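Enquirer: Listed below, chain by chain, are the residues.
Protein chains: 4
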Amino acid sequence: MKVGVIGASGFVGGELLRLLVTHPKVEISMVTSRQKAGEYVHRIHPSLKSFINLTFSDMNLDKLTDSCDIVFVSVPHGKSNQIVNDLFKRGVKIIDLSADFRLKNPQDYVKWYGWEHPYPDLLSKSVYGVPEFHREKIKGAQLVACPGCMAVTSLLALKPLIENDVLDTDHIIVDSKIGSSGAGGQAGSATHHAMRYGVIRPYKPAKHRHTGEIEQELNLLSNKKIHVSMTPHAVNMVRGILTTNHAFLKKNLSELEIWKLYRNIYGKEIFVRLIRDKNGIYKFPDPKFVIASNFCDVGFDLDEENNRIVAMSASDNLMKGAAGSAVQNLNVMAGFDEITGLRFTPVTPV
Amino acid sequence: MKVGVIGASGFVGGELLRLLVTHPKVEISMVTSRQKAGEYVHRIHPSLKSFINLTFSDMNLDKLTDSCDIVFVSVPHGKSNQIVNDLFKRGVKIIDLSADFRLKNPQDYVKWYGWEHPYPDLLSKSVYGVPEFHREKIKGAQLVACPGCMAVTSLLALKPLIENDVLDTDHIIVDSKIGSSGAGGQAGSATHHAMRYGVIRPYKPAKHRHTGEIEQELNLLSNKKIHVSMTPHAVNMVRGILTTNHAFLKKNLSELEIWKLYRNIYGKEIFVRLIRDKNGIYKFPDPKFVIASNFCDVGFDLDEENNRIVAMSASDNLMKGAAGSAVQNLNVMAGFDEITGLRFTPVTPV
Amino acid sequence: MKVGVIGASGFVGGELLRLLVTHPKVEISMVTSRQKAGEYVHRIHPSLKSFINLTFSDMNLDKLTDSCDIVFVSVPHGKSNQIVNDLFKRGVKIIDLSADFRLKNPQDYVKWYGWEHPYPDLLSKSVYGVPEFHREKIKGAQLVACPGCMAVTSLLALKPLIENDVLDTDHIIVDSKIGSSGAGGQAGSATHHAMRYGVIRPYKPAKHRHTGEIEQELNLLSNKKIHVSMTPHAVNMVRGILTTNHAFLKKNLSELEIWKLYRNIYGKEIFVRLIRDKNGIYKFPDPKFVIASNFCDVGFDLDEENNRIVAMSASDNLMKGAAGSAVQNLNVMAGFDEITGLRFTPVTPV
Amino acid sequence: MKVGVIGASGFVGGELLRLLVTHPKVEISMVTSRQKAGEYVHRIHPSLKSFINLTFSDMNLDKLTDSCDIVFVSVPHGKSNQIVNDLFKRGVKIIDLSADFRLKNPQDYVKWYGWEHPYPDLLSKSVYGVPEFHREKIKGAQLVACPGCMAVTSLLALKPLIENDVLDTDHIIVDSKIGSSGAGGQAGSATHHAMRYGVIRPYKPAKHRHTGEIEQELNLLSNKKIHVSMTPHAVNMVRGILTTNHAFLKKNLSELEIWKLYRNIYGKEIFVRLIRDKNGIYKFPDPKFVIASNFCDVGFDLDEENNRIVAMSASDNLMKGAAGSAVQNLNVMAGFDEITGLRFTPVTPV
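Quick note, the sequences are listed as chains E, G, Y and Z, same order.
Per the UniProt record's numbering, residue 1 is the first one in the first sequence, and the count goes up by one each step.
Per the UniProt record's numbering, residue 1 is the first one in the second sequence, and the count goes up by one each step.
Per the UniProt record's numbering, residue 1 is the first one in the third sequence, and the count goes up by one each step.
Per the UniProt record's numbering, residue 1 is the first one in the fourth sequence, and the count goes up by one each step.
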């Protein structure tokens with residue numbers, strides 16, 4: 001299968017190329033970058049030296065459509081919708097890594113992103129690209145929107161609890177911690193190593209944009225209006241997310257009963273690992289153990305006195321949180337075995 | 001004033017010595033360590049070379065009592081109570097850095113620590129060593145118990161909200177992030193650099209011990225039973241705590257109204273800085289900007305849609321979270337200006 | 001092909017398992033650990049959860065010999081020689097990851113390790129496991145000794161210079177920098193995250209053991225006695241080595257002439273990448289761009305005024321420096337394509 | 001004494017302010033920044049909140065000269081010489097933190113910096129600001145040029161060896177490792193946290209500019225032409241330098257004899273600590289133990305077989321490598337006790 005990548009010079013684009021160059025069923029036809037057109041890919045992504053001999057092209061949608069079966073779009077939020085709309089009309093399949101087609105309700109773009117969506121009709125044709133939520137729809141989709149990196153961790157941790165309606169849905173707290181690659185490669189005072197190193201910086205304690213997609217997907221699961229309170233933090237690592245979902249149970253449930261809810265939902269999912277070790281050192285999910293893989297590790301603990309559940313999930317934000325999900329979606333759309341090109345053991349310690 | 005330090009070979013003991021060697025009103029008479037007796041202090045704490053020429057002694061309470069006006073006790077939880085009791089009977093003033101005299105209710109030791117307190121009568125004579133809460137009592141105390149490092153950050157962030165009774169006290173979430181020095185110097189698989197580096201490890205998602213002292217102190221402020229749900233995380237840094245306190249407001253309050261509550265409480269406190277910058281890069285508290293100082297930076301953000309407040313506090317766990325609080329308590333007990341020996345600007349970037 | 005791993009609970013053992021579980025021509029028959037016998041492998045190496053369902057066994061050489069075509073031995077220096085000798089007599093092929101069979105001259109064990117080698121006759125039967133140096137011998141060997149992690153980086157950088165006799169061989173300085181995984185998983189004060197983080201700690205400025213194998217292999221290349229002065233440093237990362245080899249040229253050589261020497265030697269080597277970018281950001285080898293791969297990136301710069309060459313090499317100490325080399329040796333010994341199971345793109349940024 | 005700081009918005013300027021706000025004999029009259037004029041200092045340097053209430057001014061040399069006894073100039077190399085010349089003519093004392101007045105020979109600016117020095121006559125009036133080298137001259141100087149951060153570590157380690165003429169001066173290798181604050185605060189792809197984290201990046205393996213000042217000062221000590229080969233590396237920390245100076249002894253000297261050379265030179269220096277512990281964990285200098293202090297820790301090891309000495313030195317690049325040296329020079333120039341305002345214990349662990 002021939003694929004192209006639009007916007008391949010950033011962190012997510014580079015990670016996508018890392019996956020695609022060793023994917024056994026894929027051939028990369030074209031990679032584009034406005035800023036780096038004409039440069040060899042391996043000058044910008046030195047890791048890829050000896051794996052890819054292409055240069056970045058300027059974006060040319062006709063050429064991309066001609067030479068590719070599927071096109072990945074990896075450009076900033078707000079820049080993607082025009083490109084995707086143009087590609088969509090040409091009939092090519094699209095996997096979008098921006099936020100521009102994640103939300104279904106056009107009003108949500110005004111609320112969370114501050115702009116009116118220019119192609120509201122296209123929103124209903126896009127599928128939210130989490131196979132663990134929408135596998136069947138993804139199979140037949142022309143346009144798939146990969147999820148927000150923190151959103152997908154929260155959603156995977158909360159799904160069994162919401163689907164089984166065991167939570168007080170007015171007091172759900174989503175406290176995320178994420179490495180510096182999650183903010184993209186834009187250089188600035190706040191991302192300079194000396195100033196970013198060693199921080200635990202709450203960067204949007206209220207009203208973070210991922211709240212929108214989390215609420216949308218949980219609402220779909222539950223058929224009611226769910227309120228999620230999200231607070232992300234920048235922490236001192238490059239890759240990795242831990243999302244700590246604090247919630248209150250509507251009724252008493254034992255640990256065993258809750259495990260059953262999780263196992264029922266995720267028993268057959270290859271990229272969701274359920275984590276709990278009562279006596280060992282590694283009792284709960286920790287991004288340390290998923291780096292460079294497509295896993296989302298999920299686990300929980302119970303605070304019986306407060307009837308609180310702490311549902312935790314860990315993933316690599318560039319993998320399950322971005323490029324890994326994109327390739328997983330590719331596999332589903334193309335009918336490949338879902339693990340094709342993604343059978344990476346996490347790299348630990350690193 | 002002559003002081004002694006019992007248990008000075010660990011991280012907290014080392015930090016305490018760092019402060020005491022440059023404290024203008026203090027002379028260190030004796031430092032003890034069971035494990036390092038006979039060694040020069042600077043062999044164990046190489047930073048202190050040229051500042052201190054003492055060797056560690058074995059603990060001898062008579063000698064300590066004879067040669068010291070105040071004794072700091074910096075030994076592990078559960079090991080301190082016997083020593084403190086023996087010192088107390090000798091009439092010397094004591095600043096204890098363990099948890100052994102923080103809780104007032106003997107039953108709380110069974111609940112949170114799993115052992116019966118051997119000196120329950122002494123608990124009522126101990127003062128919880130947060131001057132911002134109990135300054136007057138500390139002045140006259142013979143025994144002061146320094147607070148838990150995460151507890152004090154949470155307490156300082158929540159005090160204005162609890163004291164003014166604006167919170168729904170059934171849904172308070174305390175999500176803490178702390179560096180590796182907070183766990184003490186005990187070497188093991190989980191603290192090995194290669195395995196500890198890069199983690200975001202939830203290490204006691206429910207029922208963490210600091211919950212006990214937070215609830216105790218908030219109850220005292222509010223005269224009602226408050227439920228706190230605490231989850232600490234080990235993160236990839238050595239020093240520093242950020243505590244994110246998520247809570248729900250009982251009624252609508254504007255940002256300005258809440259700022260007034262904070263200013264009323266902390267306007268004259270030298271070690272609590274109120275942080276908010278609407279437009280800059282540094283909008284909220286971040287341990288990055290308090291390292292090596294005794295500050296606790298406090299700030300908040302409002303999530304009006306969910307009527308949630310996110311109250312954040314940042315400190316250096318070895319300073320305001322341990323040795324800095326101990327010296328602040330010393331200054332209060334001794335009648336020194338409270339900033340004596342603690343006028344450190346934070347070290348940034350580091 | 002069936003393989004076993006003796007001593008699989010450490011960092012190197014874990015990395016070896018990471019590679020073997022996805023190696024397409026290998027089946028793991030048995031993994032042993034004295035300390036962890038009976039435990040599931042994924043409790044000790046949580047990353048491997050869902051990839052391996054074995055438990056650690058006690059070491060039983062008869063069973064290993066029966067069930068394995070090749071046995072990897074990954075135990076500490078000085079503990080390996082007895083095991084390897086016993087396996088050797090049983091006729092099984094062995095890939096040893098310790099230092100016990102790297103040196104050819106038994107006296108060198110006294111000099112560098114401080115003990116007499118108990119099986120001096122076996123030293124001549126062992127092949128130093130760097131395919132770029134000894135590929136043909138490895139093909140037919142029963143026993144291969146994987147190189148020291150820093151040694152192999154230095155050797156690969158210096159080979160073209162020594163083989164072409166262009167260096168003053170009395171003033172070769174090898175200044176290495178290595179992450180914390182290189183020291184093994186033994187917990188102690190010096191490896192505790194809080195004390196190991198942020199160091200640049202010279203840990204054996206003179207007489208480091210790897211000097212012995214570097215000199216041995218360079219002597220073989222040059223047929224003269226070469227003096228290497230090595231100084232390793234522990235730096236603040238988990239994986240990765242940069243070795244800076246400072247040397248003086250015997251005669252003037254242009255940059256172009258030296259590049260030819262490197263290209264002649266490494267033009268066909270898949271795991272040695274030659275790095276130089278005159279104008280980009282990434283001009284020289286940097287472990288950042290080889291993490292989790294089996295590459296050793298090599299490059300150099302010239303200091304014409306002092307007739308000095310700085311030859312730099314970067315690798316992942318757990319990969320090309322240990323487990324990756326072991327699998328590369330396996331491929332050579334077994335007649336597999338040398339890249340089998342090792343076609344990993346480096347993980348960047350991480 | 002009233003002081004001003006020109007260019008106070010960067011890392012070095014911020015560190016200088018950190019020191020000056022608690023210096024007991026200094027009052028800050030004016031701080032300037034072209035980019036940040038009008039902003040409160042604590043918005044740019046949040047650590048300084050509650051220590052300083054000034055705003056940045058535009059640079060006005062008349063006002064500075066009127067209101068200050070000494071002016072610190074902390075602007076980029078090449079930008080300083082004009083400002084310093086203008087200040088010099090006004091008769092005010094100047095402490096320059098750039099490279100613009102470090103070198104004595106105008107030709108060296110062409111060689112190392114690529115530009116002709118516009119005020120060559122002023123070079124002879126400037127004193128190289130290392131009190132351990134030029135204390136007497138600094139006392140009477142109007143213009144002092146603070147040394148390069150890596151240069152001063154190398155110089156302090158080599159001084160006793162050069163002054164006593166024990167080295168082969170044709171084969172001196174200076175291998176430096178430095179944290180990210182050393183490169184200044186300029187944001188870019190190479191300094192982005194995600195790309196700078198985890199590197200060991202050789203950034204100018206040959207011909208680094210600090211070579212010029214090291215050679216200049218060693219030549220002065222020895223009265224002969226010394227060749228230094230320097231290679232700096234960016235490593236994964238914010239503060240700190242370790243410089244490993246590899247050199248060869250002209251004749252056999254015992255460890256004890258060499259210690260005597262060091263003690264004779266540094267026995268009375270308060271900011272140079274001699275480090276060696278035969279049996280402990282902390283045997284050699286390590287920046288870990290000098291962070292936030294003005295110390296340069298110096299030590300060595302001998303490689304008798306190669307007659308090599310490894311002389312190591314560790315400092316905090318923002319302190320002894322920049323702002324700390326500047327304040328030390330201030331103290332010397334003003335006749336204060338040299339430790340005034342610099343009696344900081346290093347902050348460890350951090």
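Hints were generated in silico from the structure; no laboratory data involved.
Take the hints with a grain of salt, since some may be wrong.
Since the list gives no way to pick one copy over another, a pair counts as held whenever it fits inside one copy or between any two copies.
[Stated by the list, open to error] With a straight-line cut-off of 20 Å between C-alpha atoms, the simulated SDA-like cross-links for lysine to any residue are: (1) K278 / R43; (2) K204 / R43; (3) K225 / E338; (4) K251 / D170; (5) K36 / S189; (6) K283 / L122; (7) K250 / H227.
The model shown is predicted, which means the values in this text are computed figures rather than measured ones.
Enquirer: Check each numbered hint against the structure and report the violated ones by number, ascending.
Expert: Failing hints, ascending: 3 and 6.
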